[in-house]
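> Chains as they are written, first to last, in this note's numbering: chain A, 104 to 427; chain B, 1053 to 1308.
Treat the hints with care, since some could be wrong.
[To be verified] List time: in silico SDA-like cross-link candidates among lysine to any residue, alpha-carbon distance up to 25 Å:
id, chain 1, residue 1, chain 2, residue 2
1, A, Lys423, B, Pro1290
2, A, Lys279, A, Glu306
3, B, Lys1299, A, Asp413
4, A, Lys393, B, Leu1300
Calculated directly from the structure, the hints in this document are not laboratory data.
Below, each chain spelled out in residue letters.
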Amino acid sequence: MAKGIWVFAEQREGQIKKVTYELLSEGRQMADQLGEELCAVLVGKDVAEMAGSLGEYGADKVLVVENEALENYTTDGYTNAIAELIRQNEPSAFLLGCTVTGRDLAAQLAQRLETGLMTDCTGMEIADGQLVFTRPIYAGKATVRAACPEARPVMATIRPNTFVAVANAKTAEVVKAAVDPGNIRQVIKDIVRQISERPELTEADIVISGGRGIKSPENFKVLEELADVLGGAVGASRAAVDAGWISHSYQVGQTGKTVSPVLYIACGISGAIQHLAGMSSAKCIVAINKDEEANIFNVADYGIVGDIFDIVPVLTEELKKITA
Amino acid sequence: MKYVVLLKQVYDTETKITLDANGTISNSGITLIMNPYDEYAVEEALRLKEKGEGEVTVVSAGGQQVQDALRQALAMGADKAVLVDSEGADLDEYATAIILAKAIENIGFDVILGGFRAIDDGSAQVAGRVAEILKVPVVNVITKLEVEGSQATATREIEGGSEVVEVSLPAVFTAQKGLNEPRYPSMKGIMKAKKKPMDKKTLADLGLDNDQIAARVKPISFSLPEARKAGRVIPGEPGQAAAELAKLLREEAKVI
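Extracted from the complex, chain B is given alone in its bound form (with noise of 0.2 Å):
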């Protein structure tokens, strides 16, 4: 079996986010990690490769600086790595889909894996573009799996509760929180991760030029939202305090 897991690298989630002199998101003095959502989707591979056999790959498109969070998915038990290079390069959804579908037709797949979303820009949507280029079925936001042969058995969330969704490898899959718990890299496995293979990528590798990956969307301007202000706290005893904010709540606020 071929476990593909899709890994972005984000900004840590306590970073202050600031404009550079171009007004777009400073990556000055920030913390990158690997996509939270990502961890459970690397657990889940290794899981389901550690019941029988197979293979896990992880692969990745950006900067050099990614191959800290692929390391990281090596140093928890991956066999190899592929980051395509895609330095200085405007990628949105559509573009960054295409260059890891491109990577995962060479790698060769029967499960394809990747967090639900990714904390920076929350999109939600890489992985679902994947499996369409791929022409393969998706199942997002599961909780459970289970591979018996060729078949698997998903259990994913929607609104009010859940469903059991059975579909055909080659599939994709994202994950939600719930899935599993993902392991720390031991480290025997932070060793062993340095001496696993880091396949670097060009676009030009892929076969792709810029007119096949020209972004569809296209940012016009970043802003900071302005910091909510703290309100006013209502003195009192219990009692006064809450019979004082009912009202307010009804008759300045209007909320009620």
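The following block holds chain A by itself, in its conformation from the complex (with noise of 0.2 Å):
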């Protein structure tokens, strides 16, 4: 029997992603109407101090997975490892964030486990004595609902800023699990990282987004000034990284990456559907346009025809008294 709803403690360089405790709040309503147990399963080198804010989102159990070998995230170490656990425990269901590491490690998971995964999940709800998961395709112009009945564990990856994380003084058991992350074929060789002081893109609340109508790399430094008064990310069109304004990791969009922040403000950006499909399941979006007839308006919460340059600055100042 199948049993335990597990959840991917996702982490980096010491700190446990954000979309973790999402998906642990909400895995933890899903155990106890399933009447199951929830487990975070955490990896890498030296992990073990981080098991504790497991526990406080609503894991019942943390499972540690320690090795040298593992320090750094490998789609081989990390699904020979896992995979050991999972065959070794039997859980029923096991949910990671839908990021890069997770998108990776899903795939790989499932098909050694020769079980169904559903991705990019952004809703979870039991049908039927079973988990059923939501998620948009066709660029969000549709939604499905889809279950995976029979092969266990099922699998899905959760779109971050999906659920609310909500933390309440608990203590999870740690149980320090030794599996064998065993032969890992991709050798990495450098790992290059941006130094920034913002949240990363797709899990940041707040988004400030750019496009055609910053015009330059340069003028991006105004939006980044209201990102940083609002602790928020800075996102582009296809437009401005098109032209070679800012890099391709900035996309929002089709192309690009899916965005589901409290906030987006979308700054001369005209809102073509390949863009709307990367942030509409934004909970307010603000339009700032000198095109009244942009489409994006058509999307937008609040917008303001004009032009960003007189508009961003203002707003910027004003939310730096609000916010003080």
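Relying on the hints, combine the two individually framed chains into one complex.
See below:
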């Protein structure tokens, strides 16, 4: 009998990713309804000290896998270790954040375990006693509810910012598991990280994006100042990326990143359907654009028609006062 | 060297999605294109081949209409195409990967490339699953690839940066935007493509029966989300409007 809802506790350099807490909080509800245990799986090198916070967000148990060879994420290392752990314990579900790592690991693991995987989900419920997931398809133009009725564990990756992380004072049982990372065929030669004080684009609560109306790479500074006042991330539309003003890693849209922030401020973005695909699940959308006919106004909760260089600096100052 | 590209035909990004009488996604009146991420994969395979020698095969599973996307790859310069006819089968990523892996085993391979995700269902898992079935390593979301003999070095995107990964071939790589700039098929290429081999296989040809490709994931229902409604435009001078917006975000929307 398969038992237990498992959550992948994604960490990087000693920090648990926020999406992990979101999954644990929602997973807690599901586990209670199904009468199952909620377990976090924490993998890496010297990671045990991070286990405590996982209990605070709802985990009954934390399975810790520590190994020198698991210091950096590799597809093989993590797949080998977690597949063995799953075979030993037979959980009924395994949930991951839909991050670069979560996506990579989930596909590999699902095939190793010959099970079903639903990716980039924006909803989770229990229907007829089984977990059912909602996922946007066709760039958010439709949604599908789907389940994996037979194979176990059912696997899903959940889009960051879908669920709210709720802390409660709880202590999880921490169990160290010795599993073998096996033969790792991906050899990491170099890791380059852009040093940024700002949150990860896909995880940020607030995203300030610039489009064609930004006009030059230097002008992104205006958006960065606003982002920094709000503790947000900076994004861009394809037009700004294709113009060479900012790197593709900032692109929001169908051929870029999908974001679900609480607040999305689109500055000088026309709102092409491919851009909307990447941000229309934001809770509140603000559009600032010179062209009052711009499509972005059709999806924005608040809009200002005007020049971003007149408006954004004032907005930054006003918000600085409010949030001070 | 044998280069194989996993190719998917998808709905054009401008397509309006509707539901048919059965409540599933309607395929009437839609335009089909090659998944844009797969174009990067085709281009990369062609560039690798052009640096040395070898053969580029594009492979897909689906109905007969998928030939159009495969022909486009042939027109770009791929040498041959394999289409596994899976018309009528309810495939999920698990089943699709089994079919493609089987076809690839028959073709032979050193480098397998695919888009890191398809723009329709965006599931980003078939290529990884294919690697697992074929027991070869995968490197996902790459923006650079170099092949030296039987070694490959790829730069891949990670959150907040990039990493350089080395693997021995054969291996699977999935393409991210930025890997290259895909070429357009030339008129000559389009003419030549008409004569290039299009190998059509049935599931039975690959020795696959329905049990082996039984989908793990079952859709329950489809729906069209309610369109977002336009909110309000804040009037006034730039400074005034910006101040009003700040106030509304705080007091009305309560998002800051």
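> Please go over all the hints and tell whether each is borne out by the structure.
A quick look at each hint next to the structure:
Proximity of Lys423/A to Pro1290/B is assessed by CA-CA distance (about 17 Å); at most 25 Å being required, the pair is judged to hold. Distance hint between Lys279/A and Glu306/A is unfulfilled; the C-alpha atoms sit about 29 Å from each other, more than 25 Å. Distance restraint check for Lys1299/B and Asp413/A: the Cα-Cα separation of roughly 18 Å lies within the 25 Å cut-off, and the hinted pair is therefore satisfied. The hinted pair formed by Lys393/A and Leu1300/B meets the criterion: a straight-line CA distance of about 21 Å does not exceed 25 Å.
Going down the numbered hints, you'll see the structure goes against just number 2.
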